[in-house]
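By the numbering used here, the letter at position 126 of the sequence shown is numbered 128, and the numbering carries on one by one without gaps.
Calculated directly from the structure, the hints in this document are not laboratory data.
Take the hints with a grain of salt, since some may be wrong.
Stated by the list, open to error - Ranges between beta-carbon positions, derived for each pair:
| no. | residue 1 | residue 2 | range |
| --- | --- | --- | --- |
| 1 | 38 | 132 | 23 to 31 angstroms |
| 2 | 101 | 51 | 34 to 42 angstroms |
| 3 | 63 | 28 | 30 to 38 angstroms |
| 4 | 32 | 109 | 14 to 22 angstroms |
| 5 | 61 | 17 | 36 to 44 angstroms |
| 6 | 114 | 23 | 37 to 45 angstroms |
| 7 | 28 | 7 | 35 to 43 angstroms |
| 8 | 13 | 118 | 36 to 44 angstroms |
| 9 | 31 | 134 | 25 to 33 angstroms |
| 10 | 101 | 31 | 33 to 41 angstroms |
| 11 | 132 | 98 | 33 to 41 angstroms |
| 12 | 28 | 4 | 31 to 39 angstroms |
| 13 | 118 | 47 | 16 to 24 angstroms |
Said to hold, decoys possible - Derived lysine-lysine pairs resembling DSS-like cross-links, with alpha carbons at most 30 angstroms apart:
| no. | residue 1 | residue 2 |
| --- | --- | --- |
| 14 | 13 | 105 |
| 15 | 63 | 73 |
| 16 | 44 | 23 |
| 17 | 15 | 105 |
| 18 | 63 | 52 |
| 19 | 105 | 148 |
| 20 | 73 | 117 |
| 21 | 52 | 133 |
Beta carbons are placed, not taken as given, at the ideal position from N, Cα and C, and that holds for glycine.
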Amino acid sequence: MNNIRESEIQKFKETLICSLKLLGITLTDTQCEIIDCGCPHKTDILPDNKMGIYSFFYKGKCLKIGKAGTKSKARYNSQHYNPDSSKSNLAKSIITDTTFPVKNLDNNNVGDWIKQNTQRINILIDNNSGKFLLNYIESFMQLYYKPKYEGS
3 MNNIRESEIQ
13 KFKETLICSL
23 KLLGITLTDT
33 QCEIIDCGCP
43 HKTDILPDNK
53 MGIYSFFYKG
63 KCLKIGKAGT
73 KSKARYNSQH
83 YNPDSSKSNL
93 AKSIITDTTF
103 PVKNLDNNNV
113 GDWIKQNTQR
123 INILIDNNSG
133 KFLLNYIESF
143 MQLYYKPKYE
153 GS
């Protein structure tokens, strides 16, 4: 299925940590945890006292990267699997993309397809790390992986 390998995830983490050090910021493994949920994956719950950056990969290519703070757990937990759940989400992007290689997807099956066919990688950081760090990590990850679907 061409998943992002553990070594590639580790290289990303090292690059992120180096960029933060240039800004005078040090993160420990307990303050910033990268979780490879694999493919297929189950929906994940944003833990209490955490903020998250989530990403979806299909055949090694990044489809979507986003973030969720303490007040947007639904964004992290479930919205990207249901095209009717929000203005912009992965499910909606996939079924409205006429160039997407899988053609038989619709509102009823796209969520299950995402769970079965995409690799989800999450980054969890402590709430007390602040929204600027959350924004930075999301933007850094977007620059690094160049996701296909970003914005509305």
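The hints, checked one at a time:
1. 38 to 132: 23 to 31 angstroms: Since residue 38 and residue 132 have Cβ atoms about 25 angstroms apart, the given range 23 to 31 angstroms holds.
2. 101 to 51: 34 to 42 angstroms: 40 angstroms, holds
3. 63 to 28: 30 to 38 angstroms: 32 angstroms, holds
4. 32 to 109: 14 to 22 angstroms: Taking Cβ atoms as reference, residue 32 and residue 109 lie about 40 angstroms apart, which means the hint is violated.
5. 61 to 17: 36 to 44 angstroms: 22 angstroms, violated
6. 114 to 23: 37 to 45 angstroms: 41 angstroms, holds
7. 28 to 7: 35 to 43 angstroms: Roughly 26 angstroms apart at Cβ, these two residues miss the hinted range, so it is violated.
8. 13 to 118: 36 to 44 angstroms: 27 angstroms, violated
9. 31 to 134: 25 to 33 angstroms: Violated - the Cβ-Cβ distance for residue 31 and residue 134, about 21 angstroms, lies outside 25 to 33 angstroms.
10. 101 to 31: 33 to 41 angstroms: Between residue 101 and residue 31, where Cβ atoms are some 39 angstroms apart, the hint holds.
11. 132 to 98: 33 to 41 angstroms: 34 angstroms, holds
12. 28 to 4: 31 to 39 angstroms: At roughly 34 angstroms between Cβ atoms, residue 4 and residue 28 fall inside 31 to 39 angstroms, so the hint holds.
13. 118 to 47: 16 to 24 angstroms: 19 angstroms, holds
14. 13 to 105: Cα-Cα ~34 angstroms, so violated.
15. 63 to 73: With a Cα-Cα distance of about 29 angstroms, the restraint between residue 63 and residue 73 holds, given a limit of 30 angstroms.
16. 44 to 23: Distance ~33 angstroms between residue 44 and residue 23 Cα, so the pair is violated.
17. 15 to 105: 34 angstroms, violated
18. 63 to 52: Answer holds: residue 63 to residue 52 is near 27 angstroms, not above 30 angstroms.
19. 105 to 148: The hint holds at about 23 angstroms.
20. 73 to 117: 24 angstroms, holds
21. 52 to 133: With Cα atoms ~11 angstroms apart, residue 52 and residue 133 stay inside 30 angstroms; holds.
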